[in-house]
Structures are given as C-alpha cells and as structure tokens.
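Please work from the sequences and hints to get the whole structure.
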Amino acid sequence: MSATAVKQPNWFARLAHPGQFLAWTRFVVWPLAVATAISFAAGLWFAFLNSPEDYQMGDMVRVMYVHVPNAWLSQLVYGVMFAAALGSLVWRHPLADVANKAAAPLGAAFTALALYTGALWGRPTWGTFWEWDGRMTSTLVLLLIYLGIIALRRAYDDQIKAGRIVAIVTLIGGINIPIVKFSVDWWNTLHQGSSILTASGPKMPMSLLLPLLLMLLAFTLLFSLLQVVRMRTEILRRRAESMSRQAALGATR
Amino acid sequence: MIGDGAHIPFIAGSYVGVAVLVVGLLAYVVWDSLRVKRQLAELEKAGIRRRSADAASTRTDTP
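Chains C and U supply the protein sequences, listed in that same order. Take the first sequence: its position 77, counted from the start at 1, is 77 in the numbering used here, and no numbers get skipped. Take the second sequence: its position 46, counted from the start at 1, is 1046 in the numbering used here, and no numbers get skipped.
The set of hints was computed from the structure by calculation and includes no laboratory data. Every residue, glycine too, gets a C-beta built ideally from N, C-alpha and C. Some clues are possibly wrong.
[What the hints assert, rightly or not] Away from chain U, derived, C-beta distances all over 10 Å, residues of chain C:
# : residue
1 : 21
2 : 41
3 : 46
4 : 185
[Stated by the list, open to error] So the derived list for chain U, only partly shown, Cβ under 7 Å to chain C, looks like this:
# : residue
5 : 1010
6 : 1013
7 : 1032
8 : 1048
Shown next, in the form of structure tokens:
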C-alpha cells in the first residue's frame, strides 16, 4: 500500500459534507413537499370527514389530530438539536451547527402550537385553558429554552463561538425532555397519560388512531422539509458571508 | 358527551391557528431561501468567488 494513500471518508461523512449535502438534498426537496401535501390531504380528510366522534369528548377529539403531532414534534425537534449539539461539540462536524441553528425556530413554532392547541382543547374538556401541572409547565419551559437558544445565538457576532455555546446550552436543556415525557407518570396531572406508545399497544380504536397517525406523518414530513430547506439556506448564507468577508478584505489590501 | 355546537370555535380556532403559523413558517422559509440565493448570485455577478472555488479551479488548471 502506498505511503501517500489517503483514507477515504465513509458514506456518512460524504453525505454530510456541506457541498455534498447541497448536491443530494436538491433532489429531496420536491418529493418531500409532495409527500407532505399528500399526507396532509389524507390526514385532514380522515380527521374531518372519516373519523367518528369520541364517546366522551364528542367532536373536540378532532383537536387531538393537530395537538398530538405538534407536541410530538416539540420533543423530536429538540432530539435533533441535541444530536446536532453532540455532533458539533464531539466531532466538530460543520453540518451539525447548521442543523442546530435551522431546527431551533421550527421547534419553537411546534411547541407554541402544542401549547395553543392544548389550551383550546383544555377549556371545554377540563374547564380551563391553563393549569400549572407537570406536562404543561415543562412544555412551557421547553418553549422558553427554544427561545433562549435563538436569542443566545443572535447575541453573538462570532458564529463559531455562538455555535459552541448554543451546543452546550442545548445539551443542558435536554434535561427537560424526559421531564416533559414522564411528567404525566411522575405527578398528578389533568393531562392524560400516553395512549399510543404503551406496553399494551395503542389505547384508542383504529378509527381514531388512523387519522392521528396520518397527521403525525404529515407534520413529521413537514418538519423534515422545512429543516432540509433551512439547512440548505444556512449553508448558502455562510458561503455568502464568507464571500462578503473575502471581498471586504480584498478591498482593504 | 360534550355538546358540540358550543365547541366549534375551539375546534376551528385550533385548526386556523395551526394553519396560520404553518403557512407563515413555510412562507418565511421560502422567502429567506430566495433572499440568500439572490444575495449569493449578486456576489458571484460582482466577480467574488469562494476561496475553495478558486483553489479548485487552480488545481484543475495546473497540470
């Protein structure tokens, strides 16, 4: 074997290289957009026209089809940011910070929607828009963490330093995710426990579960689409900033 | 069972709120993407190239 042989990067490293990422995601955006639109159309059709009322909640059960997917995404997006923060701090991967930055506003939006739809669901079913119980309070804390991370990044001019500090804060903030998840088991709460991922299987009939799963798929695809487009935009933004700096340096020489 | 007529505003409010924020988010993401692409195109039009692009072209030009 030649002494000058260079170790080839593995497939993941190749896919995750910013230039390569821009190249292969170009072919992903439109299929993702179409799949998202189809999933939403099917999910909304089932949610409004082909699912029964709940025997207790009546038509209010239809709020579940937008509340649960947003609540699921509020935690999933944080999971993505947590993994990105690890990638940023441990492997110093250039795309990891891009992924973290792209996901934060999306996570904040989905968490805000989970709180909003939860409040509207709570008023007729529990008699209150808001209760300071474990699930709702920890979800509000999650929203504040998202907003804090966005504000923290904007507070720094040096994006490398900002990325490192945001990654550390993201890892610390990750403590809140198990609290959100298990709050309904740990404390007495108005909020119902898990009804899909349980040891004995889903606790709801297929007629309610199918629209919920379709809406979960639609919102997850929506997040994937927005995340890919935002990551592409962020890579191009960094490229443009680097070119502007280069031009400014050239002008001063 | 909850009487449904009185709760239509809550159901409609949930879906309309979600739709407004999701459409707003989509519009912002597309607008931001187009803005950055335009900015990049203007820089390239002004003859500014990335250092890595310069290096790549030098490598190909040089035998």
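Now for the hints, and whether the structure bears them out:
1. 21: The assertion about residue 21 of chain C holds, with a minimum of 15 Å to chain U.
2. 41: holds, 14 Å
3. 46: It holds; residue 46 of chain C is separated from chain U by about 14 Å at its closest Cβ, greater than 10 Å.
4. 185: holds, 26 Å
5. 1010: holds, 5 Å
6. 1013: Cβ of residue 1013 of chain U sits 5 Å from chain C, so the hint holds.
7. 1032: Holds: closest Cβ of chain C sits about 6 Å from residue 1032 of chain U, inside 7 Å.
8. 1048: holds, 5 Å
Consistency note: the structure conflicts with none of the earlier hints.
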